[in-house]
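K.L.:
Sequence:
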Amino acid sequence: MYEYIIGNLTEIYPAYIVVENNGVGYQIASGNPYQYSNQVNQQIKIFVHQVIREDAHTLYGFNTLAEKNFIFTLN
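Numbered by our numbering, the letters in the sequence shown go through residues -6 to 68 in order.
These are computed hints drawn from the structure, not numbers from a lab. This structure is a prediction, so every number in the text was calculated from the model and none was measured. Any given hint might turn out to be false.
Claimed, not checked - If you anchor each label on the Cβ, the simulated ranges turn out as follows: (1) Gly16 with Thr66: 30 to 38 Å; (2) Arg46 with Val17: 18 to 26 Å; (3) Lys38 with Gly16: 13 to 21 Å; (4) Phe63 with Gly16: 29 to 37 Å; (5) Arg46 with Leu67: 17 to 25 Å; (6) Asn15 with Phe63: 25 to 33 Å; (7) Asn1 with Leu67: 26 to 34 Å; (8) Leu67 with Val33: 26 to 34 Å; (9) Gly18 with Arg46: 16 to 24 Å.
Note that the Cβ used here is the ideal one computed from N, Cα and C, for glycine as well.
Just need the whole structure built from these sequences, with the hints factored in.
P.N.:
What follows is the structure, given as structure tokens:
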């Protein structure tokens, strides 16, 4: 599991962002990717949760650790 990724925010799409770290672009799903609009081409730290299914490996991104942990209290 990954706790967070630090890297350059390179792209914003309607459902996800791309964070580049050491030459690898990580596609990170976000409920509101446009909240990162003012950070394009800047280094960011994004907390992630990895979900592995037989048909997909998905990273979900959160601004803070508290935001990430809050999602798991909803179960």
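K.L.:
Indicate, hint by hint, whether the structure satisfies it.
P.N.:
Consistency of the hints with the structure:
no.: 1; hint: Gly16 with Thr66: 30 to 38 Å; verdict: holds, 36 Å
no.: 2; hint: Arg46 with Val17: 18 to 26 Å; verdict: holds, 21 Å
no.: 3; hint: Lys38 with Gly16: 13 to 21 Å; verdict: holds, 18 Å
no.: 4; hint: Phe63 with Gly16: 29 to 37 Å; verdict: holds, 32 Å
no.: 5; hint: Arg46 with Leu67: 17 to 25 Å; verdict: holds, 20 Å
no.: 6; hint: Asn15 with Phe63: 25 to 33 Å; verdict: holds, 30 Å
no.: 7; hint: Asn1 with Leu67: 26 to 34 Å; verdict: holds, 31 Å
no.: 8; hint: Leu67 with Val33: 26 to 34 Å; verdict: holds, 30 Å
no.: 9; hint: Gly18 with Arg46: 16 to 24 Å; verdict: holds, 21 Å
In terms of the numbered hints stated before, the structure departs from none.
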